[in-house]
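Numbering (the numbering used here), first residue to last: 2 to 110.
It should be emphasised that the hints constitute simulated quantities derived from the structure, not laboratory data. Any given hint could be a false lead.
No farther apart than 27 Å at their CA atoms in a straight line, the calculated lysine-lysine pairs in the DSS-like style are these [said to hold, decoys possible]: (1) Lys-69 - Lys-21; (2) Lys-21 - Lys-55; (3) Lys-55 - Lys-69.
Cβ-Cβ distance ranges computed for the label pairs, FRET-style [what the hints assert, rightly or not]: (4) Ala-44 - Arg-105: 41 to 49 Å; (5) Ala-7 - Ile-94: 33 to 41 Å; (6) Ala-7 - Leu-107: 29 to 37 Å; (7) Gly-85 - Ala-7: 23 to 31 Å.
Keep in mind that this is a model prediction, so the values were computed, not measured. For each residue, glycine too, the CB sits at the ideal point set by N, CA and C.
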Amino acid sequence: MSHAAAQAYLGNVITLCVEKRGVQTNMVYHGNQVALTYEIPMAEVVLDFFDRLKSTSRGYASLDYNFKRFQASDMVRVDVLINGERVDALALITHRDNSQNRGRELVER
2 MSHAAAQAYL GNVITLCVEK RGVQTNMVYH GNQVALTYEI PMAEVVLDFF
52 DRLKSTSRGY ASLDYNFKRF QASDMVRVDV LINGERVDAL ALITHRDNSQ
102 NRGRELVER
């Protein structure tokens with residue numbers, strides 16, 4: 002995944018990429034712009050990455066991505082119980098690091 006962002010928003014964009022389990026592979030400065038290249042799991046990209054990138058950069062970042070490879074990850078199933086019974090329609094699969102937060106977000110809605 003490649004990003005182009007103004008230097009003023011570089012810290013915010015890097016923080017977002019790290020939060021989304023991204024690994025930085027390249028960073029190139031072009032005057033006032035910075036081109037970043039990250040490897041980020043596709044599950045993190047399709048969830049809400051683009052909206053959060055635009056929000057964190059106030060619309061000054063662009064994004065280009067492509068699929069690189071399949072890779073095993075530590076995924077878990079998050080189940081929701083209502084009156085002690087599992088509701089399959091509310092279950093989701095997420096990375097273990099995000100499971101508690103995603104579960105809390107789901108039940109707060």
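ask   = Of the hints given before, which are not true for this structure?
value = 4, 7
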